[in-house]
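**Student:** Use these hints to put chain V onto chain C, whose structure you have.
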Amino acid sequence: MDLIANVAAAIIAFCASVLGSIMAHDICVSAERTCAKIIRKAASRLAPFDREAGESEWLADPHDRETVHEKYQHAIGCFLVAGKMRRQARAVTIAISFQVTGVGTIPLALNMSSWVLGPLFFKAMNAKSDTIKKIVVIFGALYLLAKFIRSANRSLGPGLKLTREHLKQYKTWGYGARIKRKGIDLNVGNIFRAMVLQPDRIQEIIKKVSDCLTPLNEPRPT
Amino acid sequence: MAEKIRVSGPTLKLLKLLLDDPKRPRSGAEISKATKLGSGTMYPLLQRLEIAKWIEGEWEDVEPSEVGRPRRRLYKLTRSGKAAAVNELAQYQTAAATTGAPAWT
Chain C
1 MDLIANVAAA IIAFCASVLG SIMAHDICVS AERTCAKIIR KAASRLAPFD
51 REAGESEWLA DPHDRETVHE KYQHAIGCFL VAGKMRRQAR AVTIAISFQV
101 TGVGTIPLAL NMSSWVLGPL FFKAMNAKSD TIKKIVVIFG ALYLLAKFIR
151 SANRSLGPGL KLTREHLKQY KTWGYGARIK RKGIDLNVGN IFRAMVLQPD
201 RIQEIIKKVS DCLTPLNEPR PT
Chain V
1 MAEKIRVSGP TLKLLKLLLD DPKRPRSGAE ISKATKLGSG TMYPLLQRLE
51 IAKWIEGEWE DVEPSEVGRP RRRLYKLTRS GKAAAVNELA QYQTAAATTG
101 APAWT
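Protein sequence lines, in the order shown, are assigned to chains C and V.
Going by this note's numbering, the residue at position 40 of the first sequence is 40; the numbering climbs one at a time, nothing skipped.
Going by this note's numbering, the residue at position 70 of the second sequence is 70; the numbering climbs one at a time, nothing skipped.
Looking at chain V on its own, in the form it has when it is part of the complex:
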């Protein structure tokens, strides 16, 4: 079961990206490019979400000697993480609608 965590702006960005296609695992570089989060923000966030069991990481299934680079670690939402992410984004949308702040896009 996913634990409750503090959700910040970068967390919402990351969760939204992973929710776009929950079955597709993404690498750190791909997430960084899509969300415009720097490595200094993104990697601790990925670690925090992984510890809380919102996301799970798995190593890319390639041979480093064949592709000429180390294997990437790919992240995707867990089942409980997906439910928690949907809930957090819905809460944010509701709060944004009541306060008049721009909704998360």
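So that you can see chain C by itself, here it is in the shape it has in the complex:
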């Protein structure tokens, strides 16, 4: 009985090893094709304006990787991270800088692609109750002030501090604002200047600004 069991176990082990070898061989032979497939799928999850470049870059990468394991690791890594890269690329930031006399330049960056604060703010602002609107405006202003003070404390050199006196002189501050997204950096001051000085370019300028802000209006991918 033992002999039969041993023979059966040996046959099964032999068959399993043969099948395993065949599968491993197939995986190795088809690695390039399978990885390319995974990478194309991953690239389709990138932001629309990034897809073509991302796919091309990621497809070139496996040619510099020697082992099959490295190729698969790269393809799967790209697939897993594509969503994060899409969010990163679509993020629209409004970067404002304040030139405070006697203190220096204080930057303030507002992420317009926030999934929580932005939608909550606009929903509350559309509420019927005036009290809710007032509360939201007050909270919004306090949030911006806190962010501004935090940014000032971080960016100013040692020995420099933003005081209440400086805040009171806000009318004398200089301002600059930019709208930024991956590959786009628009100077708001220049936009207005261009619109005033070159009215014939207004259409073109509005299109560029609209392209930059497109991710904000696109529906969230599911």
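Derived from the structure by calculation, the hints contain no laboratory data.
Watch out, some of these pointers could steer you wrong.
Straight line, CA to CA, 25 angstroms or less: simulated DSS-like cross-link-like pairs of lysine-lysine [claimed, not checked]:
1) V:K4 with C:K147
2) V:K76 with C:K182
3) V:K23 with C:K84
4) C:K171 with C:K134
5) V:K4 with C:K180
6) C:K180 with V:K53
7) V:K53 with C:K207
8) C:K180 with C:K134
9) V:K33 with C:K208
10) V:K53 with C:K147
11) V:K23 with V:K4
12) C:K84 with V:K4
13) V:K82 with C:K180
14) C:K84 with V:K33
15) C:K182 with V:K13
16) V:K53 with V:K82
17) V:K36 with V:K13
18) C:K168 with V:K16
19) V:K33 with C:K41
20) V:K76 with V:K13
21) C:K207 with C:K171
22) C:K84 with V:K76
23) V:K4 with V:K76
24) C:K182 with V:K23
25) C:K182 with V:K82
26) V:K53 with C:K182
27) C:K128 with C:K147
28) V:K13 with V:K23
29) V:K23 with V:K36
30) C:K84 with V:K53
31) V:K33 with C:K37
32) V:K16 with C:K41
33) C:K171 with C:K182
34) C:K180 with V:K36
35) V:K76 with C:K180
36) C:K161 with V:K4
Quick caveat, the model's predicted, so the values are computed rather than measured.
**Tutor:** Just chain V now, with coordinates in the frame of chain C:
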């Protein structure tokens, strides 16, 4: 001008590699091999640094049909990125020296 960004361990590794020879552009695979960072960590990091203007990417100047593969994207530090990277690495070295932690190698 380069923006301020959060600098993590992988970021320092990447910046150190690019600072070794700032004029030489490197491909993603080359960076990955040298820093031992996986694609899942490296590509979002490259994207973040590119958005913040610490690095700039350019396409390899070859014809894909001639080399038999797609063109590589090559990355190198921008001028402001180089200054920011030197500053970050110096800060890390100082912090490591005061806390007794091993310096960045």
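**Student:** Compare the distance between the alpha carbons of C:K168 and V:K16 with 25 angstroms, and conclude whether the hinted pair is satisfied.
**Tutor:** Since the Cα atoms of C:K168 and V:K16 sit roughly 44 angstroms apart, the hinted pair is violated (cutoff 25 angstroms).
**Student:** Taken at face value, is the distance from the CA of C:K134 to the CA of C:K171 at most 25 angstroms?
**Tutor:** holds, 24 angstroms
**Student:** Between the alpha carbons of V:K4 and V:K76, is the straight-line distance 25 angstroms or under?
**Tutor:** The given pair, whose Cα atoms are some 18 angstroms apart, holds under the 25 angstroms limit.
**Student:** C:K182 and V:K23: Cα distance at most 25 angstroms?
**Tutor:** holds, 23 angstroms
**Student:** C:K180 and V:K36 were given as a pair; does the straight-line alpha-carbon distance stay at or below 25 angstroms?
**Tutor:** Judged against 25 angstroms, a Cα distance of about 31 angstroms means the pair is violated.
**Student:** Does C:K37 lie within 25 angstroms of V:K33 when you go C-alpha to C-alpha?
**Tutor:** holds, 23 angstroms
**Student:** Hey, V:K76 versus V:K13, does the alpha-carbon distance stay inside 25 angstroms?
**Tutor:** holds, 14 angstroms
**Student:** When you check the alpha-carbon spacing of V:K53 and C:K182, does it fall within 25 angstroms?
**Tutor:** Judged against 25 angstroms, a Cα distance of about 10 angstroms means the pair holds.
**Student:** With a cut-off of 25 angstroms on the C-alpha distance, tell me whether C:K182 and V:K82 pass.
**Tutor:** Distance ~20 angstroms between C:K182 and V:K82 Cα, so the pair holds.
**Student:** V:K76 and C:K180: Cα distance at most 25 angstroms?
**Tutor:** holds, 21 angstroms
**Student:** Has the given pair, C:K180 with V:K53, been kept, meaning a C-alpha gap of at most 25 angstroms?
**Tutor:** holds, 11 angstroms
**Student:** Does the alpha-carbon distance linking C:K182 and V:K13 stay inside the 25 angstroms limit?
**Tutor:** Within the cut-off at roughly 23 angstroms; holds.
Checked against the numbered hints given earlier, this structure breaks hints 3, 8, 9, 18, 21, 27, 32, 33, 34; the rest are met.
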